[in-house]
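Chain by chain, the residues run as shown.
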Amino acid sequence: MELRFINSKRFKFTVKGTLLNLLLIHFFGNQLFAQSEIQIGINGLTCSLCCKTVEESMRRLHFVKDVRMDLINTVAAVRITDSVSDLDKLVKAVINAGFSVRMVRGNLMGRNWKMLEEIQISLGSLTFKVLNSEAYKPATKMHIQYISKKYLPSKDWKSISRTYPDKKMQTAGHYILIL
Amino acid sequence: MIFRTNLVAGFILFFTLVQGQELFPLAESANTVPKGVIGLRGFAEANYEIKTVRAWTGFKLMYGLTSNFSIALTGSISNHHAKKLPPDLIGHRHTGSSGTYYFTNFPQRGVTYPFSWNGFHALAKYRIFNLDGKNRHLRCALIGEWSNVKQAHDEAEPNLMDDNSGVGAGIVLSVLEKRFALSLTAGGIFPVAYSESEPDPVNGQEIQRKLIYGNAIYYHLSFGYLLQGNKMNTYEETNTNLYVEFLGKQYQSAQFLYNNRELENKNPAFNRGHYLEIYPGIQRIFNSNLRVDVSLGFSLLGKSYVHFYPLYRIGIQKYFFLK
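As you go down the protein sequences, you meet chains A and B in turn.
Quick note: the first sequence, position 148, residue 147 per numbering that gives the first Met the number 0, numbers continuous.
Quick note: the second sequence, position 282, residue 281 per numbering that gives the first Met the number 0, numbers continuous.
Don't read these hints as lab results, they were simulated from the structure.
Bear in mind the structure is a predicted one, so any value in this text is a computation, not a measurement.
Yeah, the Cβ is synthetic: ideal placement off N, Cα and C, and Gly gets one too.
Among the hints, erroneous ones may be present.
What the hints assert, rightly or not - Far from chain A, by Cβ distances over 10 Å, these chain B residues were calculated:
no.: 1; residue: 49
no.: 2; residue: 63
no.: 3; residue: 86
no.: 4; residue: 166
no.: 5; residue: 175
no.: 6; residue: 216
no.: 7; residue: 260
no.: 8; residue: 288
no.: 9; residue: 295
no.: 10; residue: 320
no.: 11; residue: 321
Unchecked claim - Sample of chain A residues at the chain B side, in silico, Cβ under 8 Å:
no.: 12; residue: 43
no.: 13; residue: 46
no.: 14; residue: 48
no.: 15; residue: 56
no.: 16; residue: 60
no.: 17; residue: 61
no.: 18; residue: 76
no.: 19; residue: 101
no.: 20; residue: 102
no.: 21; residue: 144
What the hints assert, rightly or not - Cβ-Cβ distance ranges computed for the label pairs, FRET-style:
no.: 22; chain 1: B; residue 1: 301; chain 2: A; residue 2: 171; range: 49 to 59 Å
no.: 23; chain 1: A; residue 1: 62; chain 2: B; residue 2: 72; range: 57 to 67 Å
no.: 24; chain 1: A; residue 1: 72; chain 2: B; residue 2: 235; range: 39 to 49 Å
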């Protein structure tokens, strides 16, 4: 059984599961979910020339509004447009510049919403399955990490896969970890 | 000799103790040009050969085809060569009335040649693996070279970008840890023979002259240290890198054929050889893109016959990010 809520132009919020699961999910009032900035930790960066290369690579994407590079922590803060954004393309831009992605994080903005059990969030053409929905605490902002084999170093991917064995994480799958 | 040994040991110790950017002025690093990015590089080298200034200038166009595969094409000019092999390359001695004995002669030095077009040199680089961490990485790349340069090169040592046609292949390993960069390159050069013909001054018949160069192996060990650019919080901050690069090469002897007959070699520049050079260098990077580097080369072990020392080298490079 699948129930889909379209919460905003930016985001689709999809709930998938049994009727029992669905009974545990409560939505109150007007839900609004937004993802305007994504932080990408980049490995292999050592100088401002490297950073500039990554920034220019990401700026080529049509949905990227702005990129701010933190050269010290080697993190890119990427502001995305209202249009449907593609995280895979964003990560690929980093790789095309010759570097590796260490982590992809973001903040889901919303209000008056709860989620329990198994939920999925769709961002652009990708659907993300929440790994640790038990960590959710009602708030207007939810700090999350996007998990995919492409978004992490191999050892981190293996570590997370071992942490959530019941989720049977697929190498081609996309997941969310609530931080 | 002791001074040189101490100099090498001192550099190695210094760069081991301190913690750069692996934008080596001379050696190829294991990094490829980012996908879709065009790089332009102008570079030149010069040295005094007795009272003549021997110079070479190249213009390199680079492009990143994929995230780990890039290509580069270099066109160059130099005043290193005459249009044909030196006329006194062949010595001869009359052996009574029975005939003439031919041999290769000593190389010419200090002769002025006009600048001429060398040809093209192509390089392909494929990064086979990378282990990236925060502020560090270990990368390995394979490189392949091709050159159609066909100059009247009258030394055994092959050089694809300057003197010889041929192909080459190599492997590069680069390590970068915060401010410290290290790169090791090893490869081989497989040159194509040079041949020319000219009329015999006596009987007017065409004389075939062919120089068969030996293959060569080369190795580069480069150290880099980011001296200035500590804050890393703005693209406007100018970066300064210090480098010391060790460039070594071992090559086989050359054979000279005169009308398909090998002549006795009395030319030391045709002998096999090995040398190791040291190039201290400094690099400034402006606006996180425009690279300017200057290096000065000295002989450490042996010497190259293709240039005198010191060898002055300069390069300017910039990336263009296509929208």
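Here is what the structure says about each hint:
no.	hint	verdict
1	49	holds, 40 Å
2	63	violated, 8 Å
3	86	holds, 49 Å
4	166	holds, 26 Å
5	175	violated, 5 Å
6	216	holds, 28 Å
7	260	holds, 53 Å
8	288	violated, 6 Å
9	295	holds, 24 Å
10	320	violated, 4 Å
11	321	violated, 8 Å
12	43	holds, 3 Å
13	46	holds, 5 Å
14	48	holds, 5 Å
15	56	holds, 6 Å
16	60	violated, 11 Å
17	61	violated, 11 Å
18	76	violated, 14 Å
19	101	holds, 7 Å
20	102	violated, 10 Å
21	144	violated, 16 Å
22	B:301 with A:171: 49 to 59 Å	holds, 56 Å
23	A:62 with B:72: 57 to 67 Å	violated, 34 Å
24	A:72 with B:235: 39 to 49 Å	violated, 19 Å
Hints 2, 5, 8, 10, 11, 16, 17, 18, 20, 21, 23, 24 from the list above are not met by this structure, while the remaining hints are.
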